[in-house]
Amino acid sequence: MLLPPLDSPQWNSSLRAFAWGMRSVGWTILAAVLFATYLGIGALAHDSGFSLAWTLLSTLLVWAGPAQIIVITTLGSGATILQAALAVTMSAVRLFPMVVSVLPLMRTEKTKRRELILAAHFTAVTLWVECHRFLPQVPRERRIAFVHGLGTGLLCVSLCANAIGFLLAANLSRTLGSAILLLTPLAFLFSTARNSKEIADVLALVLGLLFYPLAALMDSGLDILVSGVAAGSVAYGVHRLRERA
Amino acid sequence: MSEFLGDWHALGVLLIAGVIPNQIWRMLGLWFGGGLDEGSELLIWVRAVATAILAGVIAQILVQPPGALASVPGFLRYGSVVAGFVAFMLARRSIFAGVACGEIVMLAGKWWLG
Numbered sequence: 001m002l003l004p005p006l007d008s009p010q011w012n013s014s015l016r017a018f019a020w021g022m023r024s025v026g027w028t029i030l031a032a033v034l035f036a037t038y039l040g041i042g043a044l045a046h047d048s049g050f051s052l053a054w055t056l057l058s059t060l061l062v063w064a065g066p067a068q069i070i071v072i073t074t075l076g077s078g079a080t081i082l083q084a085a086l087a088v089t090m091s092a093v094r095l096f097p098m099v100v101s102v103l104p105l106m107r108t109e110k111t112k113r114r115e116l117i118l119a120a121h122f123t124a125v126t127l128w129v130e131c132h133r134f135l136p137q138v139p140r141e142r143r144i145a146f147v148h149g150l151g152t153g154l155l156c157v158s159l160c161a162n163a164i165g166f167l168l169a170a171n172l173s174r175t176l177g178s179a180i181l182l183l184t185p186l187a188f189l190f191s192t193a194r195n196s197k198e199i200a201d202v203l204a205l206v207l208g209l210l211f212y213p214l215a216a217l218m219d220s221g222l223d224i225l226v227s228g229v230a231a232g233s234v235a236y237g238v239h240r241l242r243e244r245a
Numbered sequence: 246m247s248e249f250l251g252d253w254h255a256l257g258v259l260l261i262a263g264v265i266p267n268q269i270w271r272m273l274g275l276w277f278g279g280g281l282d283e284g285s286e287l288l289i290w291v292r293a294v295a296t297a298i299l300a301g302v303i304a305q306i307l308v309q310p311p312g313a314l315a316s317v318p319g320f321l322r323y324g325s326v327v328a329g330f331v332a333f334m335l336a337r338r339s340i341f342a343g344v345a346c347g348e349i350v351m352l353a354g355k356w357w358l359g
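Protein chains in written order, with the numbering used here: chain A, 1 to 245; chain B, 246 to 359.
Calculated from the structure, these hints are not laboratory results.
Just so you know, not all the hints are guaranteed correct.
From the structure, some residues in chain B lie toward chain A, with a derived Cβ separation under 8 Å [stated by the list, open to error]:
#1 G251
#2 L307
#3 V308
#4 P311
#5 G354
Values in this document were obtained by computation on a predicted structure and should not be read as measured data.
The beta carbon of each residue, even a glycine, is placed where N, CA and C say it ideally should be.
Start from the sequences and build out the full structure, keeping to the hints where you can.
Laid out in structure tokens, this is it:
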């Protein structure tokens, strides 16, 4: 890590802090994971019948990988808008505690709420992890600018990956196209498995994988929600039973 | 140009089904931050359901694959995920090892099947 010391004149301007934030993208392995993930999302969007502009806008405005693949797979397979919206909102609840825990790191006594809107928008698991790593090395009054730079850098990486994945899926052979599509389930499966430390999370992941094919057999049009709520609730029930025992 | 944009209907659906239900939680976090217990029982349940929904989507991509992935036979799709998982565990939970191994097995299998 090569950030300037806290008392360096480098931190005197917000613009410099923004540039340091952008440059920090190069020092995180998570940027590579993000690149692979968004490469896969671009290919997935192409093969599910969405346009390139749609794909880039979804990355710019949603900025949450899980929510994006939920929108693409549910809408792409003909689910209703309501089902897609419900599944997305359940997947996005986790952003609430992330935002709540990350914003105090960059707030000063003079900070107004609206100055934090963009930082809140950029908050997703990658930025959340990197803020805890980088922000202690950034003077408090420059942290918002630094996070804006970091978020912008991560977004640029993702938009480029999106466009590349989309164009590759459009032009590659079927074999290489399927390899790029396989990136999405693999990257999400392993990054979720890595983040699952509590018994409830591990069980929810395993049961969620197993319940979906069963729910799909019922063909209710609400497959993802049915299997998700059922698997998640069973996992939570097991967690409660173990707490009591 | 129209190929780049797609239709306006799809962009509207993105806003209603993707952007708003996602952003609402970030903005709630911004407005009502503080006074939240990360270990609360409700949040544990919500996190479990969110994880299971994502797992369901992963399963959906593998069971009912979109586009080019449908050209890979089922046993090879599942086999490469299992192989990737074994590599992930053996390499002390390395995401890179899991993804790389899964991809290699899938490509090797496709090449072998011809």
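Each hint tested on the structure:
1. The interface hint given for G251(B) holds, since its Cβ lies 3 Å from the closest Cβ of chain A, which is under the 8 Å cut-off.
2. Interface restraint check: L307(B) against chain A, minimum CB-CB distance 6 Å, threshold 8 Å, status holds.
3. Taking 8 Å as the C-beta cut-off, the interface hint given for V308(B) holds, the closest approach to chain A being about 5 Å.
4. With a least beta-carbon distance of about 5 Å to chain A, the hint placing P311(B) at the interface is held under the 8 Å criterion.
5. Interface hint status for G354(B): violated, as the beta-carbon distance to the closest one in chain A is roughly 10 Å, over 8 Å.
Of the numbered hints stated above, the single one contradicted by the structure is hint 5.
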